[in-house]
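With chain A held as given, fit chain B onto it using these hints.
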Amino acid sequence: MEALCEFQVLSPTSLAGVLEARTAHPQAQLLGGGTDLVVNIRRGIVAPAVLIDMTGVAELRAIRADAQGLEIGASVRLAEVAQHPGVVAHYPVVAEAAASIAGPTHRNMGTVGGNLCLDTRCIFYNQSQWWRSANNHCLKTTGEICHVAPKSRGVCFATFSGDLAPALMTLDAEVDIQHAAGKRTLPLRDLYIGHARHDGSGQGDGKHYLALQPGEFIAAVRVTSTPGLRSGYDKIRIRRSIEYPVAGVAVALRRVGDTLAHLRVAVTGTNPRPVLLEGTEALCGGALDARVFKGLDELVRDQIMSMKTTFTPGHYRRRVAGVLARRLVQRLFAG
Amino acid sequence: MAKHHIAAVVNGDPVEFLCEPGDTLLDVLRDALGLTGTKEGCSTGDCGACSVTVDGRLVCACLMLGVEAAGTSIGTIEGMANGEELHPLQRKFLEHAALQCGICTPGFLVAAKSLLERSPDPTETEVRYWLAGNLCRCTGYDKIVRAVLDAAAEMRGA
Chain A
47 MEALCEFQVL SPTSLAGVLE ARTAHPQAQL LGGGTDLVVN IRRGIVAPAV LIDMTGVAEL
107 RAIRADAQGL EIGASVRLAE VAQHPGVVAH YPVVAEAAAS IAGPTHRNMG TVGGNLCLDT
167 RCIFYNQSQW WRSANNHCLK TTGEICHVAP KSRGVCFATF SGDLAPALMT LDAEVDIQHA
227 AGKRTLPLRD LYIGHARHDG SGQGDGKHYL ALQPGEFIAA VRVTSTPGLR SGYDKIRIRR
287 SIEYPVAGVA VALRRVGDTL AHLRVAVTGT NPRPVLLEGT EALCGGALDA RVFKGLDELV
347 RDQIMSMKTT FTPGHYRRRV AGVLARRLVQ RLFAG
Chain B
196 MAKHHIAAVV NGDPVEFLCE PGDTLLDVLR DALGLTGTKE GCSTGDCGAC SVTVDGRLVC
256 ACLMLGVEAA GTSIGTIEGM ANGEELHPLQ RKFLEHAALQ CGICTPGFLV AAKSLLERSP
316 DPTETEVRYW LAGNLCRCTG YDKIVRAVLD AAAEMRGA
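Protein chains in written order, with my numbering: chain A, 47 to 381; chain B, 196 to 353.
The shape of chain A in the complex, shown without the other chains:
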């Protein structure tokens, strides 16, 4: 097995220590649980000279979840989110998404910040150095074309497959982004800038999939509770007990009497960014009937862009996403 490249590891224990380390080493990469980054280093995809271990930073390890709101620090482990009684009781979509990530070891290691910033993936990119050099490197590393879409002219179609992002997006989450001079807050959906179909040329190259400026990092993610909201998460995988999603769907809805009063649906594993479906408001205001299901199918069909990034074909993943969305809406509406 290839050895890891040579790097230096810094282990700050406070936010101030992280900022200091970043100022001293602007090119440093942040290390959470290592389930994504260490694998990419091993495969020669990235070769950082300095790693800053974020898991010991006290300020980033807090989790608060009650009927008022949810706030999770970036270094909280995924298993803690999945098991936290407040998250399970008030934000089931987040607990279900966290519980469905990879296997137990990965959830025990991986962090919320790492899952939100998960590198985009595809079958041509997530391979060993040897494999990639034999196949000509793709444009996400050092090459010039996207093997998924050779005519893409500089656009990378690797897929975002994090599970927490769609779950939190259905709850209108915000992220706190920390930098040396202070903090800014961004709606979570605006964090993701991977290529979307509506992007014009010269914008959204897919290689850059996060709206973080150099030196910035995610400190926490926050949700304000909406009374009466029902939410859930489900995904299809090649092995149901582990694996990246073939498609993952998060739904949050509100039912008033027999009326669908609010609906949000977000999808992962299909596009270079997690997709909060646009147009779901138009499906609200009436009963949960054939009109809603047909409309939902159309929104999924039009906004999902699953391509040849994994072993299951794109058209299958698009249908799966639609079926998952429909099943979740039915389950949550029924209560």
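No lab work stands behind these hints, which were simulated from the structure alone. One should not assume that every hint holds.
Said to hold, decoys possible - Covered by chain A, per the in silico footprint, the following chain B stretches (three or more residues, Cβ under 8 Å):
no., stretch
1, 259-268
2, 297-307
3, 339-346
To be verified - Reference excerpt, derived from the structure (chain A facing chain B, CB under 8 Å, subset only):
no., residue
4, R88
5, G90
6, V92
7, D99
8, H152
9, C330
10, F339
11, Q376
For each residue, glycine too, the CB sits at the ideal point set by N, CA and C.
Only chain B this time, still in chain A's reference frame:
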């Protein structure tokens, strides 16, 4: 690169070691501490042959750096038996012939022990989901699952 001096606890014993920043916990266990029961399979967190516990959390030692182990308490397969007396899981793996080539076995045992500590009476589905991160290329999964369920039953009775 300067080596890091790390102090930790392994299987109840305090240890100190020097490691390069690029050494994984797996490298440290096998090469610096001579604990070769923990195996290297894929080195990418897929196979679970390197499963160990760190402060009670089941992790892949190949994805954790040695420097991250500072101040932690690590449990490996070498700490499972009590001297010559095998852990019930180890005995049940032998009784059920739940191994063929044996390379994956230490990982399965450590992972199964971690499951039974949090869930003493698991369903078969729970066992299968918990052990999803451990691969057996001899594909003897059914015997492994039966051995774990049998060990759980015996441990509850004991």
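Verification of the supplied hints:
{"no.": "1", "hint": "259-268", "in the structure": "holds (count 5)"}
{"no.": "2", "hint": "297-307", "in the structure": "violated (count 1)"}
{"no.": "3", "hint": "339-346", "in the structure": "violated (count 0)"}
{"no.": "4", "hint": "R88", "in the structure": "6 Å, holds"}
{"no.": "5", "hint": "G90", "in the structure": "12 Å, violated"}
{"no.": "6", "hint": "V92", "in the structure": "13 Å, violated"}
{"no.": "7", "hint": "D99", "in the structure": "6 Å, holds"}
{"no.": "8", "hint": "H152", "in the structure": "6 Å, holds"}
{"no.": "9", "hint": "C330", "in the structure": "36 Å, violated"}
{"no.": "10", "hint": "F339", "in the structure": "30 Å, violated"}
{"no.": "11", "hint": "Q376", "in the structure": "24 Å, violated"}
When the structure is compared with the earlier hints, violations turn up for hints 2, 3, 5, 6, 9, 10 and 11 and for no others.
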